[in-house]
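Participant: Those protein sequence lines, which keep their order, are chains G and U. So in our numbering, the last spot in the first sequence is 262, and the numbers never skip. So in our numbering, the last spot in the second sequence is 881, and the numbers never skip.
Hints are computed from structural coordinates only; laboratory data are not their basis. C-beta atoms are modelled at their ideal positions from N, C-alpha and C, and glycine is treated no differently. Errors might be hidden in some of the hints.
To be verified - Covered stretches of chain G, going by a simulated chain U footprint (3 or more residues, C-beta under 8 Å):
id : segment
1  : 123–132
2  : 136–147
Unchecked claim - Not close to chain G: a few residues of chain U, all C-beta gaps over 12 Å, as computed:
id : residue
3  : LEU159
4  : ILE224
5  : GLN233
6  : TYR268
7  : SER324
8  : GLN406
9  : ILE430
10 : LEU463
11 : VAL662
12 : GLU735
13 : TYR812
Claimed, not checked - In silico contact screen, one side only, chain G against chain U (beta carbon under 7 Å); selected entries:
id : residue
14 : ASP92
15 : THR95
16 : SER96
17 : VAL117
18 : LYS119
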Amino acid sequence: MIKIENLVKKFTTTEVETIALNNVSLEVADKEFVAIMGPSGCGKSTLLNIMGLLDNPTSGDYYLNEQEVGHLREKDRTKVRKGNIGFVFQSFNLIDELNVYENVELPLTYLGVPADERKRKVNEILKRMAISHRAKHYPQQLSGGQQQRVAIARAVVCEPKIILADEPTGNLDSKNGLEVMQLLTELNKEGTTIVMVTHSQRDAGFATRVINLFDGQVVSTAEGL
Amino acid sequence: MKTIVRNFTSIFKKFVTANLLNLLGLSLAFASFFVIMTQVNYDLGYNKSFTEHENLFRIRVNGLASDIMGVQLPRPMAERLAAASPHVTGYGLYSGTMFDNYVVGENEYTLFVDHGVKDFLSVFKPSVIAGNVEGLSQKNNIVLPRSEAMRLFGTTDIVGSTLKYKYRDDLFYNICAVVEDYPENNFMHGHCFMGDDYGEDDYMMWNCSPYVRVNDIANLPQAEQVMNSLLGDIWTEQYESDIAKEGKIQVALIPIGEEHFDKTLQATAPTKSSSYLLLCFSLLIVMIAAVNFTNFTLAETPMRIHSINTQKVLGSSTVRLQGSLLAEAVIISLIAFVVALAIVYLAHDFGLQELVTASILLQDHPQLIIFTLLLSIAVGALAGAYPAYYATSFPPALVLKGSYGLSPKGKKLRTILICLQFAASFVLVLVVGIMYLQSHFIYSSDYGYDKEQVMIIPATPATRELSVVNAQLGAIPGIEGATLSQFALNSSDNFQLRQTDSDDKKMTFTCLMVDWRFIDVMGIEITEGRSFRENDGDVYIFNESAKKQFPWLTIDQPIADGDYPVVGFCKDIKYSTFRTDDTQMPIAFLVPNPAGKEWVRGFWRNQLLIRIAKNMDKQEAKQKVLATINEIEKEYPKDEGDIRYIDDIMDYTYKQENLFTKQILLFSLLAILISIIGVFGLTMFESEYRRKEIGIRKVFGSSTAEILQMFNKRYLYILLGCFVVAAPVGYLLGQHWLEGFAVKTTISPLLFLVSFLLVTLITMLTVTYQSWKNASENPVNSIKTE
Chain G
38 MIKIENLVKK FTTTEVETIA LNNVSLEVAD KEFVAIMGPS GCGKSTLLNI MGLLDNPTSG
98 DYYLNEQEVG HLREKDRTKV RKGNIGFVFQ SFNLIDELNV YENVELPLTY LGVPADERKR
158 KVNEILKRMA ISHRAKHYPQ QLSGGQQQRV AIARAVVCEP KIILADEPTG NLDSKNGLEV
218 MQLLTELNKE GTTIVMVTHS QRDAGFATRV INLFDGQVVS TAEGL
Chain U
96 MKTIVRNFTS IFKKFVTANL LNLLGLSLAF ASFFVIMTQV NYDLGYNKSF TEHENLFRIR
156 VNGLASDIMG VQLPRPMAER LAAASPHVTG YGLYSGTMFD NYVVGENEYT LFVDHGVKDF
216 LSVFKPSVIA GNVEGLSQKN NIVLPRSEAM RLFGTTDIVG STLKYKYRDD LFYNICAVVE
276 DYPENNFMHG HCFMGDDYGE DDYMMWNCSP YVRVNDIANL PQAEQVMNSL LGDIWTEQYE
336 SDIAKEGKIQ VALIPIGEEH FDKTLQATAP TKSSSYLLLC FSLLIVMIAA VNFTNFTLAE
396 TPMRIHSINT QKVLGSSTVR LQGSLLAEAV IISLIAFVVA LAIVYLAHDF GLQELVTASI
456 LLQDHPQLII FTLLLSIAVG ALAGAYPAYY ATSFPPALVL KGSYGLSPKG KKLRTILICL
516 QFAASFVLVL VVGIMYLQSH FIYSSDYGYD KEQVMIIPAT PATRELSVVN AQLGAIPGIE
576 GATLSQFALN SSDNFQLRQT DSDDKKMTFT CLMVDWRFID VMGIEITEGR SFRENDGDVY
636 IFNESAKKQF PWLTIDQPIA DGDYPVVGFC KDIKYSTFRT DDTQMPIAFL VPNPAGKEWV
696 RGFWRNQLLI RIAKNMDKQE AKQKVLATIN EIEKEYPKDE GDIRYIDDIM DYTYKQENLF
756 TKQILLFSLL AILISIIGVF GLTMFESEYR RKEIGIRKVF GSSTAEILQM FNKRYLYILL
816 GCFVVAAPVG YLLGQHWLEG FAVKTTISPL LFLVSFLLVT LITMLTVTYQ SWKNASENPV
876 NSIKTE
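Whenever a hint applies, use it, and build me the whole structure from the sequences.
Facilitator: And the structure:
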């Protein structure tokens, strides 16, 4: 599903050039649950952003479903991303002005899903995430765990093939963190490919494979569960 | 305070463009306010610089055939009326202003001299610097204002000095007094004064404007009553008519402060409602800028709220913090005030002065400067008050925990304020639109004659010889003929009226004496009968409306017993201004017979009218005609300014309206600019606050266009709501403006559509431009900012 070859990402300022990813090559198979681990600044999130088509690599190739997508323009990246990739962030990234229902509905709106179908899908996913009783609440009125459940609901409402999660439990207590990991595992079992960046060995334990990064390079790969 | 200043400076630097634009908007508003107020003060304060002006009145006789007759009266009539009431404490008979050349030493000066009967100046109670104004009662005495005394002699100590009349070596004028200058909005501004003594018993010379001073305005009705009673006696005794006794003509005492707005005295006089409209506009512009200022301050608050509340946590009192924030707003407003004065000072030399009648020199308006200063302090305080309260109203712990950039309370207020701005902008655009529609209507209406093809020159002895004029002008290709008339069409609303004496065929109509070529030169269409012929004398051509109103009018028949015959009827023409609806009013053109009755033998050949071909270049025609006319008329040579087209006459006739339209247009554009500056700044802040949201939306599939659409949609709803509220207000104000015209344009619904689209388009472009950066940014950057 995901194939990355000799990926390089450099960040250049007027004074310094930083190599965030240095000739990274990896593959993620369909329905796999991969955890990416490594110390802070090793390039985990950069890799995830490129996988999620939020950023372009400096060089190298990125194939998504056998299509080269690493060097698409922003407009085309949006098209590929839309409905195919779901995101879960450490800081939830919910929109403060929108209530729970509206936050979850957002990706469906951009996909042009008709209102009736949107309503059905949103209600369904909120129920599944056990957050439907908070549908009219705003993000500030929810606990961290509830916010992350909303964020996951938003990520999966379009039924994407891939979910990219950037430290999804980083801002949660252990109980809520466990709940989130159980949700992701459940989704994976239902056939969703999951790539997760994490610092937590416990969370990585839920993955089927762990990729270790160090200084922008893949240093090891280990099978998980 | 120091921390506040530092915090503010850093925010200012972060959004330097937005903050500078805000400052510019506020400065432009204060500058506009200053300039508009010079005009308003000028108009509303006109003639009010006379000592105890509220007791000073002009005697006027209303109801005469021509209004202009009643404002000037024969000297004996004026003197008797003024002396009739015991409540009149003094009077002066003013004749008018003339300019002439005088010599002091080796130098020659042109002086504007107000003439009147004897000591006419005393009633105005001028402030005397030296000498005695009663000296005007003596022949060849003159009073100088301070400015002229200084210009001519370099001192005011000149009582007893003399001025020599330039054109006579034996005529000297003795300076009997020097008085303080009247300000520019006084009809005696910069004028010298001379007393005359003529027409003591002449009831036929209507050349005195009587001014009276009444002891108490409560006695005005009694004074008018006494004068009216006497007017009846005078009219019967002098003119053998009882119209005054029958109350058909009456004396009215007009306050001297109202003369400036009197269209009878001056066709181009402004209206009082224009002054009030200007006043409203100036306040509206300041309000728009104040709203901008409040909006900017509110928009910046969330970025400062953390620092402000940290200080609160560290022990600063809320009142102290509020005071600092308020002081900061007032200081910004004061900076804007200083910039505004600089703008007015610099713009003076770049055409701004042409836009207002009053001088806009700063030194001429010390009181207005102080008032604007106070206004700027008030604006600063008002604009800063709510943001100061808002920024300090949250519990510090809550603020330190999160962002308040999107607090619904602040957002709601900002929306309300921006609605006010848009509503004001729509009102201004609509009013300007209606004014331009009327102006276009005036200039483009069908006048019933070829106004584009006729030029007008004041006739002088040699140019009255039409056979010579036509022969010489005929040699110029494109010149189609010349004629003479009593008045220039469309220059006035007070043409000569004629009445027939016949009992059964009573008629009152406007009568314009013309040369026989007039109808053809003007291109007026004859609908029945014929045009004038070369040998015609004492014959009329009436318009269609006259035919309808007086059905007995028949070709080749006299209009009444002992009157002249009609030879034809013509289409109705527009002959007066648009302040009068003359479309249904009867008018006759009369070719006088030089040997005929006395009343038609007078000087009627005042205007030389020349017809040019349709395709002829107007400027070129002017040059060629000028050269030829100056060959014919050697004694009174003409210059280019003497040759005018009807449109030039209309420009003069509607000078005040056109000036007012220009003023409103400029200030409306400024108001819109200030509003757009507000939208520009707010969008900048908003897109910055919503940067993360934009990123999230893009991550979940939104395109750049959809983000821009989202920002624009919000403003579109606001604009729609504001337009619904503003449209009726703009319409009513526009209608109020049209009240000054008897013939009005229809207000096309298209104007409303265009106004909406104009403001909307400008706003959308501003919003799109401003949001583009964040909307097109890679979302990963904005999400990373968390």
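Participant: Next, verify each hint and record whether it holds.
Facilitator: So, going through the hints one by one against the coordinates:
1. With 6 residues having a beta carbon nearer than 8 Å to a beta carbon of chain U, the segment 123–132 of chain G meets the requirement of three or more and the stated coverage holds.
2. By the rule of at least three residues with a Cβ nearer than 8 Å to a Cβ of chain U, the coverage given for the segment 136–147 of chain G holds, with 3 such residues.
3. At roughly 73 Å from the closest C-beta of chain G, the C-beta of U:LEU159 stays outside 12 Å, upholding its exclusion from the interface.
4. Every C-beta of chain G lies more than 12 Å from that of U:ILE224, the closest at about 72 Å, which supports listing it as non-interface.
5. For U:GLN233, the non-interface assignment is confirmed: its Cβ lies about 87 Å from the closest Cβ of chain G, beyond the 12 Å cut-off.
6. Distance check for U:TYR268 against chain G: the nearest CB is about 82 Å away, which clears 12 Å, and the non-interface claim stands.
7. Distance to chain G confirms U:SER324 as a non-interface residue, since its nearest Cβ pair spans about 80 Å, more than 12 Å.
8. Its beta-carbon lying about 25 Å from the closest one in chain G, U:GLN406 satisfies the requirement of being farther than 12 Å from that chain.
9. With a cut of 12 Å on Cβ distances, U:ILE430 stays outside the contact zone with chain G, its closest approach being about 35 Å.
10. Every Cβ of chain G is farther than 12 Å from the Cβ of U:LEU463; the closest lies at roughly 46 Å, confirming the non-interface assignment.
11. Against chain G, the non-interface label of U:VAL662 holds: every CB pair exceeds 12 Å, the least being about 80 Å.
12. No Cβ of chain G approaches the Cβ of U:GLU735 within 12 Å, the least distance being about 63 Å, so the stated non-interface status holds.
13. The Cβ of U:TYR812 sits about 15 Å from the closest Cβ of chain G, beyond the 12 Å cut-off, so the non-interface label holds.
14. Checking G:ASP92 against chain U by beta carbon gives a least distance of about 5 Å; that is within 7 Å, so the hint holds.
15. Because the beta carbon of G:THR95 sits about 14 Å from the nearest beta carbon in chain U, more than 7 Å, this interface hint is broken.
16. About 18 Å separates the beta-carbon of G:SER96 from the nearest beta-carbon of chain U, more than 7 Å, and the hint is not met.
17. The closest approach between the C-beta of G:VAL117 and any C-beta of chain U is roughly 10 Å, which is over the 7 Å cut-off, so the hint fails.
18. For the restraint placing G:LYS119 at the interface with chain U, the shortest Cβ-Cβ distance is roughly 4 Å, inside the 7 Å limit, so the hint holds.
The structure shown violates the earlier hints numbered 15, 16 and 17.
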